[in-house]
Every structure is written in structure tokens, then in C-alpha cells.
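*Asks:* With the hints as your guide, set chains B and C onto chain A.
If you want the building blocks of each chain, they are given just below.
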Amino acid sequence: MDTLVAQYSRPLFENEGSSQEEQLELIQTLPPLSLKFALPPIAQPSAFLRATTDDHSNPDCPIKIAHGTTTLAFRFKGGIIVATDSRATAGNWIASQTVKKVIEINNCLLGTMAGGAAGTMCAGVTPQEGPALYYIDSDGTRLAGNLFCVGSGQTFAYGVLDAEYSYDLEDEAALELGRRSILAATHRDAYSGGFINLYHVKEDGWVKHGFSDTNPIFWKTKLDKGEFSNVTSELD
Amino acid sequence: MSSPFSINGGACVAMVGKDCVAIACDLRLGLQSLTVSNNFPKIFPYGDVYLGLTGLATDVATVSDLLRYKVNLYRLREERAISPQTLANLVSSSLYERRFGPFFVSPVIAGINHTTGKPFICGFDSIGCIDFAKDFIVSGTASDQLFGTCEGLWEPDLAPEDLFETISQALLNAVDRDALSGWGAHVYIIEKDKVTKRLLKGRQD
Amino acid sequence: MLEAREFPPIFLCPVCKAPQLITSKYASTFLFIYQPPKSCQEVLLGITGKDFTLIAASKAAMRGATILKASDDKTRQLNKHTLMAFSGEAGDTVQFAEYIQANAQLYSMRNEADLSPSAMANFVRRELASSLRSRKPYMVNLLLGGVDPITDKPSLHWLDYLAALAPVPYAAHGYAQYYCLSILDKHHQPDIDLERGLELLRLCTDELKRRLPIDFKGVLVKVVTKDGIREIDYDDSKQVQSA
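Chains as they are written, first to last, in numbering that gives the first Met the number 0: chain A, 0 to 235; chain B, 0 to 204; chain C, 0 to 242.
So here's chain A without its partners, still in its complex pose:
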């Protein structure tokens, strides 16, 4: 009975990844010297990583990986707009408000990151494909498409973006829509915020359109355009 209980009370992740023998075998069959990986001094690295960082399988995990984020990218006639927020959270703690979530891969390719298991996007112009946008995530999904939002604030960004998106947008309107969609997400999603990082990918490479604080942008949007009528700006 005790062995039965022991067998079923072990966490699921314990049996994950390769066993110690398998790993030893792997290390020993690897080419020597320069191509050898340094491994952490623990029996099963993948299980260890799960136990210490995966909130889902172990709610008491000591390291909380940042999950919150909002990133978006869409294709239009003038190229591709890529926009992200800049907040990093660990639990409810805001660890940083100035994270760069756009990776400048080369002068005509951009990538975006969303923490944890969330997806990433790749945007770029290549001679073969023209302007191309891909959604990629950790379980191996790869989707080509016109419009993607990723992260905990994705739905808020989709809401604003879908309502006014069209492939025939002018450059200025497209940039403003990208900026406004991220602003919407930072307002409603607790785990998104900080600065709006905005890029425009064109045929001859990408152009950066600022890393701007949401705070002045928010109040300008509210007070000049009368949007965000849910926010009070004066005492009754």
C-alpha cells in the first residue's frame, strides 16, 4: 500500500525529461572539448527547472517567471507595425518598467518577446517573401498572418485593433493604431504598462518610432479626445 501511495503521490514532472543514465550517455557521446555543454549540478535539469519555476505544476515555486506583457504586430500596405509595452512583473511586483521587448535581429528583421510560455512574433521584409509576419510559440506553433497580439493584455489590444484595422491604412494611422492598442492594454491589464515601444518595418528596413512613457500619452488621449470616460480627472 505504502509503495502504491508513494508511486502516485510523486509530482508529475519528476518523470519528465531524460533520466540520469540517459543524460550521462548523452554527455559521453557528445563530441569532446569545445562542444560540451556545462550542466547544472543536479540530477534532472528539466525537472529541476519545472519544480523551481513552473507556477502551474508547483504553486510554491521559488522563482516566479514574468508572464505579463502585451505585444502586437500587424501587416498593412505600408509594411508592418510592431508595438510592445515594457513592463516586467514577478507576481504582483513590478520588477521593471523599461524592458525592451522588441529584438532587433538585423536591419530588416524584428522579433518580439512575451515571457514564460507565451508566444513571440517575427516581423521582417525579405526579398523572397516581401513583408512577412509570423506568430511562434513554445509548443512549436508557427502561423503566418496579418495581425497578432500576444501576452496577458492581448485581448485588450485585439479589441482596439480589430475595430479599426484595415490593410489599406496610411503609415501615420497605422502607427497611431498600434500605439493606441498598446495603451488600451496597459490601462486594463495590470501586468502590462510602462513605455510603448513602436517600430515600423518597411521594404528597406525597420524604423524605430520611439520608446515613450504611457503616462503623458494616456492623459493627452483622455483630456484631448475625451476617451477613457471611466477615469475620473476631477473630484465631484
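Keep in mind that the hints are not guaranteed to be accurate.
DEER-style ranges, computed between Cβ atoms [claimed, not checked]:
#	chain 1	residue 1	chain 2	residue 2	range
1	C	Asp151	B	Asp64	38 to 48 Å
2	C	Arg62	B	Pro44	41 to 51 Å
3	B	Glu164	C	Lys152	29 to 39 Å
List time: in silico DSS-like cross-link candidates among lysine-lysine, alpha-carbon distance up to 25 Å [what the hints assert, rightly or not]:
#	chain 1	residue 1	chain 2	residue 2
4	C	Lys49	A	Lys219
5	C	Lys58	C	Lys216
6	A	Lys221	B	Lys196
7	C	Lys68	C	Lys208
8	C	Lys152	A	Lys221
9	C	Lys152	A	Lys224
10	A	Lys207	A	Lys76
11	B	Lys200	A	Lys224
12	B	Lys69	B	Lys117
13	C	Lys49	A	Lys224
14	C	Lys79	C	Lys135
15	B	Lys200	A	Lys219
16	A	Lys219	A	Lys201
17	B	Lys191	B	Lys133
18	A	Lys201	A	Lys76
19	C	Lys237	C	Lys58
20	A	Lys201	A	Lys99
21	C	Lys208	A	Lys221
22	C	Lys58	C	Lys79
23	B	Lys200	B	Lys133
24	A	Lys207	A	Lys99
25	B	Lys193	B	Lys117
26	B	Lys17	B	Lys133
27	B	Lys191	A	Lys221
28	C	Lys208	C	Lys58
29	B	Lys69	B	Lys200
30	C	Lys225	C	Lys49
Which chain A residues stay away from chain B? Per the calculated CB distances, all over 12 Å, these [unchecked claim]:
#	residue
31	Asp1
32	Gln43
33	Phe47
34	Leu48
35	Lys76
36	Ala89
37	Thr119
38	Glu128
39	Ala162
40	Ala172
In case anyone wonders, no lab produced these hints; they're calculated from the structure. All C-beta atoms in this analysis are idealised placements derived from N, C-alpha and C, irrespective of residue type, glycine included.
*Replies:* Just chains B and C now, with coordinates in the frame of chain A:
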């Protein structure tokens, strides 16, 4: 993971100055990551004593309603306004009544005792243990951050305008490092015969 | 075997991540707060304008993998100018709504005056809050739309199954919150007329049709004005193109 105290988010702080006290709260009401309302004040007046309540939003409303009922009855029976010390004991005993099924709130009290003229602040845990303090009291999901900002900014015998500046900076800078609170703030500066209420336009992200 | 009483401090809804179970550190008994996963797929929307409050509720009545009815009315009229929309656990929703409806009507008869929308909201909140700490709480999310009979001011109150109450200019429940609140943040103004209100509602329902993986069978739309409550014809047949 998430406790009842951090489902809705929110922060509150009270401070003592020279012949004045201040109490301030944020305005967010959320459901985990989603911000539902940006106009959910957590400070409630009982005569000229002020009670700040953070924690589970349903209990914030229930406890503030319950105490309004009790304080109104007190005023009718005694024919005088309640003092901050008496309110503190009333809050404490009301919370301890629910010792084994508590309200998930962390109250804060700020007021000036009209008999002695002395400022008074205190805080509680969810089952009514009183925490008396001479300097400041913090509560809510940003309480760790508030301890830091208050320790750094507070000094004794601040005049009302300086106290306003201090408590505002302490609150705004604390909630800017907490995902679950912020979205604007209310600040009350309580003097012997005057109460000033101000709205702080905080970051809206 | 696992002890039946051994629960982690909080269970999250596997679908919408809303807290389902709350336990107390001090308590020997548990306070069960369970939100059924289906309720986050039900759509409730509310929008206030210059002189009206719009309420929209999805028409699908879902049980398990089946849509039992595609013309369900998830609203009840409480008095001449207060309307309540509800979503949540099957049975609880209608039981609670009709209990509130009966008491609201009793109040109107006894006092020959209606409760104002905010008074009604506080009454409903109190009923829900006391049920929350009972043996079997009602699991309902509510929107209360109304127009104040004295000031003629429109109002909207958001109430969740934990009985947290907030007065808001526009609101939603379930997944609709995540898609529609940002749309309304951008396009809503306090002084809009009914026509514009319906345009905003169209933006919201189009987005839900575009992005939600489930079919909620369109929405039933009602409007509250100072003259009372009426249903509005709302064409839901149009297919929405995805970007």
C-alpha cells in the same frame, strides 16, 4: 498563489504630522489582472474619523456598511461624535467577532481626538489585532513598497501641506511598483477643524 | 487516498483563471467560492449614455457541450426603470434574479415608490454578500442598469459573484470584459445618444463574434430610459470577417 487579500488589489496609508493626520488610498478595483473600475475609493468617513479598508472588495463594502450602521447608532445613543480611539476598539471587536470566518480586510484609521487634540492613527489585521503607531500605517497589496517609501520620506512634525506632499509621494511611488494597485488616489489631510480631500492623477497603467 | 478536505488555498477557474475557492488561514471551515467555468463564456454588456442605459445579454443557454436554447433572456425587470442582467451557475441565476425581482416589486407596492438604481444595487449587493458566507452561496454575476426616477440620470452597476459592487459608465462580464472594455475605453463618451450607443454595442458584439471560439447565439438588447424599459431589435445574422 493568490489570496483573498490580493484578488481585487488596493493600497492604503495613514501618517501623523504636527497637529494633523493624513490618510490616502488608491482607486483601483480589479479581478486579478483585469482592472474593472478606476473609481473605487477605499476611505470612508465616520464623522471626522476616517477608515481606510483594503483587501477583498466585497468585504471592504460589507465592513464599511456595518461600521456606518454601528457608528450611527453610537452617535444616536451617546449624542456625540465617535473618537478615533473608540472607533479603533469598535473595529477591533467587530472583526474579532468573526474570528473563525474573518472579513478579508486590513483596516487603517486616522483622526484627531477632539478632547485631547492629539492626532491618532492605527492599523489592524483581519481579525482585529490593533497596531498602534506614532509615525505611519500601511496596508494593501502595495504594503511592502509603502513600508519602504514611508520609511524613506516620513519625518516627525510635518505641517499639513508638507504632510500632503509626503503621503502623496509615498503612495504614488509605492503603487507604481505594484501591479494590482494605483490608477489614481484620494488623499485626506485632517486638521483640528478642517479636512481637505484631494484627487491625485496617478499613472493609469 | 487524498483527504477530501485537503485543498490548495485557492483554485483558479481552468478557463478564465477567476478564483473559485477561497480558504481562510484562520478558519477551520472553508469558504467555498466557486465560479462555474461556463459563466465566463456568457456575454453581459452594459453601456450608459446621455439619457439611457443599454443592456445586452447573450441568448445561448448552455449546459455542458450543448446549447439548450438560443433565445434565452438573461434579464429581469426589477421596477419601472431598473433592469438586471445575470450570468453564472445554472439555476442560481434565475432563482436569485427572481428573488430580487419579487422583493423589488414588494418594495414598490408597500411604499408606492420605486427604489433608485443605486439603492437597488446596494440592496442586491447585500443579499449576494450575505449569501456568500452561507452554506451554499449564489454564484451569479450581475449588471444593474437603470435611470434614476428623480434626477433622470442613467446609471450602471457592476456586481460580481463575490458581491463586489462598482458604479461604472460601461461594463461587461465574463470573457466579454477582456475584449470589450478596451473598445469602450476608446469609443465611449458620457453624452452619447442611443444610436451611437447601439453602434458601440455593434463594435463589441462584432469583436466577440470575431475572437471568441464559442457561439453565444447573439445578444438580446434592452434599453432603460426615463419612460421605462423596452427591447430593441438587434440584427445578429451578419457574419464577421476576421483580419
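*Asks:* Against this structure, judge whether each hint is valid.
*Replies:* Taking the hints in turn, this is what the structure says about them:
1. Between C/Asp151 and B/Asp64 the Cβ separation comes to about 27 Å, which falls outside the hinted range of 38 to 48 Å.
2. With their beta carbons about 47 Å apart, C/Arg62 and B/Pro44 fall inside the hinted range of 41 to 51 Å.
3. A hinted range of 29 to 39 Å for the beta carbons of B/Glu164 and C/Lys152 is consistent with their spacing of about 36 Å.
4. Between C/Lys49 and A/Lys219 the alpha-carbon distance is near 24 Å, which keeps this suggested pair within the 25 Å criterion.
5. Annotation: proposed proximity of C/Lys58 to C/Lys216 holds, straight-line Cα distance about 5 Å (limit 25 Å).
6. Restraint check for A/Lys221 and B/Lys196: satisfied, since their Cα atoms lie roughly 23 Å apart, inside the 25 Å limit.
7. Proposed proximity of C/Lys68 and C/Lys208 is supported: the alpha carbons are some 18 Å apart, at most 25 Å.
8. The hinted pair formed by C/Lys152 and A/Lys221 meets the criterion: a straight-line CA distance of about 23 Å does not exceed 25 Å.
9. This hinted pair checks out: C/Lys152 and A/Lys224 have alpha carbons roughly 23 Å apart, not beyond 25 Å.
10. Distance restraint check for A/Lys207 and A/Lys76: the Cα-Cα separation of roughly 18 Å lies within the 25 Å cut-off, and the hinted pair is therefore satisfied.
11. Of the pairs offered as hints, the one joining B/Lys200 and A/Lys224 holds, with about 17 Å between alpha carbons and a cut-off of 25 Å not exceeded.
12. Of the supplied pair hints, the one linking B/Lys69 and B/Lys117 holds, its CA atoms being roughly 24 Å apart against a limit of 25 Å.
13. For the suggested pair C/Lys49 and A/Lys224, the alpha carbons sit about 18 Å apart, so the restraint of at most 25 Å is met.
14. Taking the CA atoms of C/Lys79 and C/Lys135, the gap is about 31 Å. The hint is violated against a cut of 25 Å.
15. For a cut-off of 25 Å, the pair hint linking B/Lys200 to A/Lys219 stands: about 13 Å separates their Cα positions.
16. Pair hint A/Lys219 plus A/Lys201 does not hold up; C-alpha atoms about 28 Å apart against a cutoff of 25 Å.
17. For the suggested pair B/Lys191 and B/Lys133, the alpha carbons sit about 18 Å apart, so the restraint of at most 25 Å is met.
18. For the hint linking A/Lys201 to A/Lys76, the alpha-carbon distance of about 10 Å falls within 25 Å, and the restraint holds.
19. With a C-alpha separation of about 16 Å, the suggested pair C/Lys237 and C/Lys58 falls inside the 25 Å cut-off, and the hint holds.
20. A C-alpha spacing of about 20 Å is found between A/Lys201 and A/Lys99, which places the hinted pair at or below 25 Å, so the restraint holds.
21. Our distance criterion of 25 Å between C-alpha atoms is broken by C/Lys208 and A/Lys221, whose separation comes to about 28 Å.
22. Distance check on the hinted pair: C/Lys58 and C/Lys79 sit about 23 Å apart at the alpha-carbon level, within 25 Å; holds.
23. Proximity of B/Lys200 to B/Lys133 is assessed by CA-CA distance (about 28 Å); at most 25 Å being required, the pair is judged violated.
24. In summary, the hint linking A/Lys207 to A/Lys99 is supported, as the alpha carbons are separated by about 12 Å, within the 25 Å threshold.
25. A threshold of 25 Å between alpha carbons decides the hint, and for B/Lys193 with B/Lys117 the separation of about 14 Å falls inside it, so the pair holds.
26. Restraint check for B/Lys17 and B/Lys133: satisfied, since their Cα atoms lie roughly 11 Å apart, inside the 25 Å limit.
27. Simply put, B/Lys191 and A/Lys221 have alpha-carbon atoms about 37 Å apart, too far for the 25 Å limit, and the pair is violated.
28. At most 25 Å may separate the alpha-carbon atoms for a hinted pair to count; C/Lys208 and C/Lys58 meet this at roughly 13 Å.
29. For the given pair, B/Lys69 sits about 33 Å from B/Lys200 by alpha-carbon distance, which is inconsistent with the 25 Å threshold.
30. Restraint check: the Cα-Cα separation between C/Lys225 and C/Lys49 comes to about 11 Å, which is no more than 25 Å; the hinted pair holds.
31. Residue placement check: A/Asp1 keeps its beta carbon more than 12 Å from all beta carbons of chain B (closest about 30 Å).
32. With 12 Å as the threshold on Cβ separation, the claim that A/Gln43 sits away from chain B holds: the shortest Cβ distance comes to roughly 25 Å.
33. No beta-carbon of chain B is positioned within 12 Å of the beta-carbon of A/Phe47; the least distance is around 21 Å.
34. With a minimum CB-CB distance of about 19 Å to chain B, A/Leu48 clears the 12 Å threshold, and the non-interface call stands.
35. Every Cβ of chain B is farther than 12 Å from the Cβ of A/Lys76; the closest lies at roughly 31 Å, confirming the non-interface assignment.
36. With 12 Å as the threshold on Cβ separation, the claim that A/Ala89 sits away from chain B is violated: the shortest Cβ distance comes to roughly 10 Å.
37. A/Thr119, annotated as away from the interface, keeps every beta carbon of chain B farther than 12 Å; the closest lies near 20 Å.
38. With a cut of 12 Å on Cβ distances, A/Glu128 stays outside the contact zone with chain B, its closest approach being about 35 Å.
39. With a least CB separation of 19 Å from chain B, A/Ala162 remains clear of the 12 Å interface cut-off, as annotated.
40. Once the 12 Å rule is applied to beta carbons, A/Ala172 is consistent with being away from chain B; the minimum gap is 23 Å.
Against the hints set out earlier in the document, violations occur for numbers 1, 14, 16, 21, 23, 27, 29, 36.
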